[in-house]
Each structure stands twice: as structure tokens, then as C-alpha cells.
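J.: When we follow this note's numbering, the leftmost residue of the sequence shown carries the number 413, and every step to the right adds one.
Hints are not guaranteed to be accurate.
[Said to hold, decoys possible] The calculated label-pair distances, taken between Cβ atoms and stated as ranges, are:
hint, residue 1, residue 2, range
1, 685, 575, 37 to 47 Å
2, 719, 697, 29 to 39 Å
3, 658, 765, 24 to 34 Å
4, 538, 578, 21 to 31 Å
5, 538, 616, 16 to 26 Å
6, 632, 819, 42 to 52 Å
7, 534, 632, 21 to 31 Å
8, 775, 824, 19 to 29 Å
[What the hints assert, rightly or not] Each computed DMTMM-like pair below joins lysine to aspartate or glutamate, with the alpha-carbon atoms no more than 20 Å apart:
hint, residue 1, residue 2
9, 537, 552
10, 537, 582
11, 651, 726
12, 551, 669
13, 827, 741
14, 529, 444
15, 603, 736
16, 651, 724
17, 651, 569
18, 527, 495
19, 807, 495
20, 603, 632
21, 551, 632
22, 712, 741
23, 527, 446
No lab work stands behind these hints, which were simulated from the structure alone.
Think of the CB as a built atom: it goes at the ideal place given N, C-alpha and C, for glycine as much as any other residue.
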Amino acid sequence: MMTLIARNTLIGGCVLLCSWPLFASSFNQQDDDEVRLRLRNELRRADKPSAGSGRDIYAWVQGAALEYNSSYYQNRVGVDLGDYYVYKLGARNNWSSRWYLNGTDSFNRYTAALKFKLSEQLYIKAGRMVTDSAYTGGKDLLIINSSSQRTVPTLSDAVLMQYRINEELDIYAMYRHGIYTYPDVAEGVHKTGPLNPETYRHDTLRPQYVAALAWQRQCDNAGLAVSWQEDVAAQVMTKAARCIPLAGDGQAVIKPEFMAFYARLNGTSAGYDGPDNAWVMSGQLSYIVPRGRLSFGVGKTGNKPNGLSGIDTDLGYPFDLSIDRNHSDMWSVQLGGTLNLPGDTFVGIAPILTHGYEDTRHRVTINGLSTNLLFGYQPQSGLFKGAKALLVLNKAREHRNGSAFGDRLDYYDIKMNLQYDFMLK
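Build out the structure end to end from the sequences listed, making use of the hints.
T.: Pasting the structure below:
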């Protein structure tokens, strides 16, 4: 089957000169006993009126990630190490950096984990590790992994077990006691548990227990995960995708995708103002050919829990850079397409409609319309293989009659990512 560009991970970069022998690397490639250097330059400029006092957004950063994954010494034990530094190139003191920076300051994070190969089927990793499927590639571990969409990936202090049933199917179990997601840039890696509404810090440790199944066969994949966390929530999530060739050569493909999520708050989180449950369902149907793709996606959310609970319902397929798709009882519908051009470039457009409510009492109706224009570049061979570039331009409007933010909200957003991956041999 043809190699298809992953549109949501197209990012690009620049060239580094150093004394190490350097080789361009594909996005998800990281072999044992090799060091990967990732340079990622990001620019964000937006006006987001629904963010209140943080509506003006500007950040320009240069990220550098250095990662080393060892082989298993005597086929038994190894280490995974990483350091992630974000350097401020531009920010404004009275504007939001939208979590690209620590306020307006540079910052760094690290990882260090031991890994054990107990058999050809059983593996255990313990320590601080990357849990961001969009960053590392590989199988999508539901609930365990998330997608940061920032320069630094999601990190976890945890013990992770993998049992490989066969080449396609794995069972995972995780005990997680610390986590870092992109809104935690000021707090850093913190205890898992409920957010203290007085200090706005995670002062109480409540470990999270997760079990997950992950299956993948070329373009087809499926997953199921459940988790329990005292004073936070019980969660269940499932996801599936299928590639259906329309001809024997596989050049034309229909790809249906589906995702469902449900959370029930408990203990401290259930006592916050708002509903004690949340759910999301979404699906996407894509027609994919060598010249590009056409996609139609639909999403529906139920209740939106109190933000103090830490339950993220910004999940699923309809995408937009400016307006939210996860308000209470919200529908989102999107029709988008991309066109592949010569020189490993592409252009795309993805308009979206939303309809929902600001809160569970349905006091303010939200009707949104937005359009995303995408321009990307990812060379598939040659010197610049490993480079990704993506520019997204967005313009949006929401009507919210009676809202504290105003009756009509006009948005714009500009996001540019430039990335280059190297292997240091």
C-alpha cells in the first residue's frame, strides 16, 4: 500500500553543524543505541477572545530534544534518557504564551527510565518516560498516551508493563504517580491527583492505574483502555481505524475511524461544581488517493466537567486551531481535503461548524464557523528526509448571545512548526 503522509505530524526544521556524524532521520525512527537530536522551531500568534484576559497570544520558541535509547545489556536491562529544552525567541510580558513557555521564560524537562526485558514477550519500564504518541510514533496507547502539540512531549513518572501477545497485539498496564502535560509548564512534572482549587497545584498524590490493549496491522488499528484514579475519575476509551482498498493496487483507500470516551468523576472531583460525568464520540471517513485525501468528520460531546477535575474531553477527529469542540452537548462537523503537490508539499483546507452550549444549564448557545488553511512540506528522501514543515492559518467566528465574553467572538490564529530530526551515529 502506498506511503501516506501523516498530516497531523507534518513539522519541519533546519540544519545543524556539529562534530558528530549526522544522518537525517524519519519522524518515528529511533533505533537502540543511537542518539536522536530533534530541532523544533514553533511560532504561534493568535487572538482568542474566549480565553478572556489571555486572548492575545504570542510565542516564538526554539526547542532541542536529545534522546538516547540503549539496547538491552545482556538482553536484560537498558536505559532511556532524554532532555528537552525550550528557548524563548519571542514573547510579550502582557500577553499569553499559550503554554509554549513558562510564562515568558525558557525551560527544560528531562526523562530517565530503566527498562527490563524479562522475556521475548514481557517488558517493564520504570522511571520518567515519554507518553506522547504523536511525538514518538508507534502504537497509540489510549489513556496512557496523550498528544501535547507542543515543543515538549507529555511525560509520566510511572511503571509501564508491556506483554506482547504477537507482532500485532500488545497488552499494557501502567501505575502512574507523576505527569506533565503542556498546561503544566509552570508546575512541571507533578503528582497525579486532583487540582487544589486554592493553590492551583496538585498537592495530593492519587496514583492512576491503567490497562490497555493495542492492535495494529499496517494501516488498520484498534485500542481499548480503562483506568481508575481515586478522587479523580474512572475512564474508558476505545478507538479503531480500518483501511479498505478500492482496487487491487491499493492506490485508492477508504478509511473509516471511530473514537469513544467516557469518564465518571469520583471523590474530590465529583464534589466540584458541575456534572460528575463526561463523554465524547467522534468518527471520520476519508477517501485517500496518491493525489491527496478528502475527509468528513463528526463529533459529539456530552457534559463538560469542571476544569479542576483534569478530565480532558478535547478528543476526536474534527480539528480546529481556534474554536473549541468540547463544550457541553456540542456537535462539530468538518469537511476537509488536502492536495499533494510536486516537491513533497501539500495544501489543505478544513472548514468546521460547531453547535453547543457554554455550560450544562444551556444558558448560552454557541454557534461557530471556522476555516483552517494548511501548507506543508515533508521530503520522503534525500538530504532533507527527516524535515517537516507545517503552516496553519485560521479564521473563525462564534455567536454566543448573552455570553460574558461577548455576543460575537472573532478569532484568528497562525501556527508554524519547523522540525528536523537527526541520528547521531
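J.: How does the Cβ-Cβ distance of residue 658 and residue 765 compare with 24 to 34 Å: does it lie in that range?
T.: Given range 24 to 34 Å: holds, Cβ gap about 28 Å.
J.: If you draw a straight line from the CA of residue 551 to the CA of residue 669, is it 20 Å or shorter?
T.: Satisfied, since the Cα-Cα distance of roughly 15 Å is no more than 20 Å.
J.: Within a Cα-Cα threshold of 20 Å, do residue 651 and residue 569 meet the stated pairing?
T.: Not satisfied, since the Cα-Cα distance of roughly 25 Å exceeds 20 Å.
J.: For the pair supplied as a hint, residue 827 and residue 741, confirm whether the alpha-carbon distance does not exceed 20 Å.
T.: violated (28 Å)
J.: Do the Cβ positions of residue 538 and residue 616 conform to the proposed distance bound of 16 to 26 Å?
T.: With Cβ atoms ~23 Å apart, the hint holds.
J.: Residue 712 and residue 741 were given as a pair; does the straight-line alpha-carbon distance stay at or below 20 Å?
T.: Satisfied, since the Cα-Cα distance of roughly 7 Å is no more than 20 Å.
J.: Could you grab the alpha-carbon distance between residue 651 and residue 724 and see if it respects the 20 Å cut-off?
T.: holds (16 Å)
J.: Holds or violated: residue 537 and residue 582, Cα atoms, limit 20 Å.
T.: holds (15 Å)
J.: Quick check: does the Cβ-Cβ distance between residue 632 and residue 819 fall within 42 to 52 Å?
T.: holds (46 Å)
J.: Does residue 495 sit within 20 Å of residue 807, going by the straight-line distance between their CA atoms?
T.: Since the Cα atoms of residue 807 and residue 495 sit roughly 35 Å apart, the hinted pair is violated (cutoff 20 Å).
J.: Taking only the CA atoms, is the gap from residue 603 to residue 632 under or equal to 20 Å?
T.: violated (35 Å)
J.: Range first: 29 to 39 Å. Now tell me if the beta carbons of residue 719 and residue 697 are that far apart.
T.: holds (32 Å)
In this structure, the earlier hints numbered 13, 15, 17, 19 and 20 are contradicted, and the remaining ones agree with it.
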